[in-house]
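Chains as they are written, first to last, in numbering that gives the first Met the number 0: chain A, 0 to 308; chain S, 0 to 308.
Bear in mind the hints are in silico, worked out from the structure with no lab data behind them.
Since we're looking at a predicted model, the values are computed, not measured.
Ideal Cβ positions, reconstructed from N, Cα and C, are used throughout, including at glycine.
Be aware that a few hints might be false.
If you want the footprint, here are the derived chain S segments under chain A, 3+ residues with CB under 8 Å [claimed, not checked]: (1) 59 to 68; (2) 109 to 120; (3) 155 to 161; (4) 192 to 204; (5) 247 to 257.
Chain residues, written in single-letter form:
Number of protein chains: 2
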Amino acid sequence: MARTRYVVAVDVGGTDMKAALVAGTPTEASFVTQRRRGTPRASDGPATAHAVVDAVVELVEELRAASDHPVEAVGVVVPGVVDDDRGLGVFSANLGWRDFPFRMLLGERTGVPVSFGHDVRAGGLAEHRLGAARGLTDAVIMPIGTGIAAALVLGGRLHSGGGYSGELGHVDVGHGDPCGCGQRGCVETRASSAAIARRYSARTGKQVDRAAAVAEAVRAGDPDAVVVWDEAVDALARGILVAATLLGPQAVVLGGGLALAGDLLLVPLRKRLEELIVFQRMPELRLAALGDGAGCLGAALMAIDAVGA
Amino acid sequence: MARTRYVVAVDVGGTDMKAALVAGTPTEASFVTQRRRGTPRASDGPATAHAVVDAVVELVEELRAASDHPVEAVGVVVPGVVDDDRGLGVFSANLGWRDFPFRMLLGERTGVPVSFGHDVRAGGLAEHRLGAARGLTDAVIMPIGTGIAAALVLGGRLHSGGGYSGELGHVDVGHGDPCGCGQRGCVETRASSAAIARRYSARTGKQVDRAAAVAEAVRAGDPDAVVVWDEAVDALARGILVAATLLGPQAVVLGGGLALAGDLLLVPLRKRLEELIVFQRMPELRLAALGDGAGCLGAALMAIDAVGA
């Protein structure tokens, strides 16, 4: 049996940083202590990246001081394009950095081995090892929030594609609406939580800021909400169809804020996908099991893997 | 250094069966003797599958008799949906079988270990080990002929997806034309060699049966040929864009009959893809190196791997 390791994990988000002291093995991990603080912003991308490094180091020191066991390693995950092999934050549209050597700097500052990776892939790793995708060889784990991305478990391993994999939210599914990314017809322009709220607001003039409010309206029979919801389901089904056509996953795990809608999402999504699928393998649709702690748990697993190896 | 193995490889196609005695190691393989014969057809799918087994056994005996070395293993690849792990031909639209236990039957009849797999993935394996995708971690190998499929090398390994992976020819790229598969907008409806020939014939009334004739007409400045060619390039670029968005491959290797057009295909395809790409990693576009022997070489490598392991 693998020995229990104590590691600190930090999931750097666009708004918040979630950190935790985690106790675990490569197949079991749980939070001992959790912390949350705002993600620092500075004048430009490199300055923001340095401020993030400072904030991560502070969180590590804080959790280390609170731990009854020596902290053996640190796992840190960030959004955007991430080069896991070289430990670089290649690009973040939101936080502004380019080719920033997070792993090296964090290693120097914390004095323990640092694993560095991508927030969505780390969440997928956690769902694969500990959550809704456990035991599967081929699965797509899709958090749906402000945007939509996917972690791809293929042949039992996370696929990175040099940091460029999993942009399922930016596949063109034919609706033609422009996306912030510069393309048209992107899945996330209709199906992200943010898009659902925005489209309902635009359609009705009632300002809502979360998809949960639209879900409520759908349950109440609001016809505008039903149209927006159906269009989101259609875009999502077409995106999943592309993943099924190219990759043949056994299951698609839906996470993020939108998955909190539960059957209101799953039932029509399954129906639409069944209508669209012809020869592809129909993936099982599941809800994520780990909630918004998945990225942090995944970062912890990466750190545990590194010290165990 | 790995010892040279002698194996027999058979690539069962919809029309022809290509067979060869191959001498090689996991990283080097070459044809000693080659054979080709028509693929047998019988009254129904199971009967066709049994006839194919008989034909494979005959080819193995013939090549074994011609070999100066004992044949240690056999590799056989077939089209359609293939379950590599269980050695089943799950489904072939063209040849009609369902869940046919090829590996088991061939093992009993030949008396040597049999590796069984998928024609396109085997071709991809050969291009990855010996050809145009050598040394790459992440690559898409696309043979373009009657249809379009793709072998996906991800993290250095062929991805199977339970036999369902790689149907890049059936991704909807928005042109709306119906496909034989039952969907609309499929890449291969515009970009396969067969589609290019068919669409040029339909447009001009001049019957051509191969894309090579349309390529000739493009070179000669025929405006109808140019339209059909451009539409094919656009569909293909959009299909590759989807693969880039989801998988982030370093390179896309184009094979099959259409790739014989060389720069007439590559140059406008690269240009169109550069226009479409926004944040995705631009894959290098390469021509396949192994021609139509790739599937057979891949089958041989599978057999060599199995006896070497």
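We went through each hint and held it up to the structure:
no., hint, result
1, 59 to 68, "violated (count 0)"
2, 109 to 120, "violated (count 0)"
3, 155 to 161, "holds (count 5)"
4, 192 to 204, "violated (count 0)"
5, 247 to 257, "holds (count 3)"
Hints 1, 2, 4 from the earlier list are contradicted by this structure; the remaining hints agree with it.
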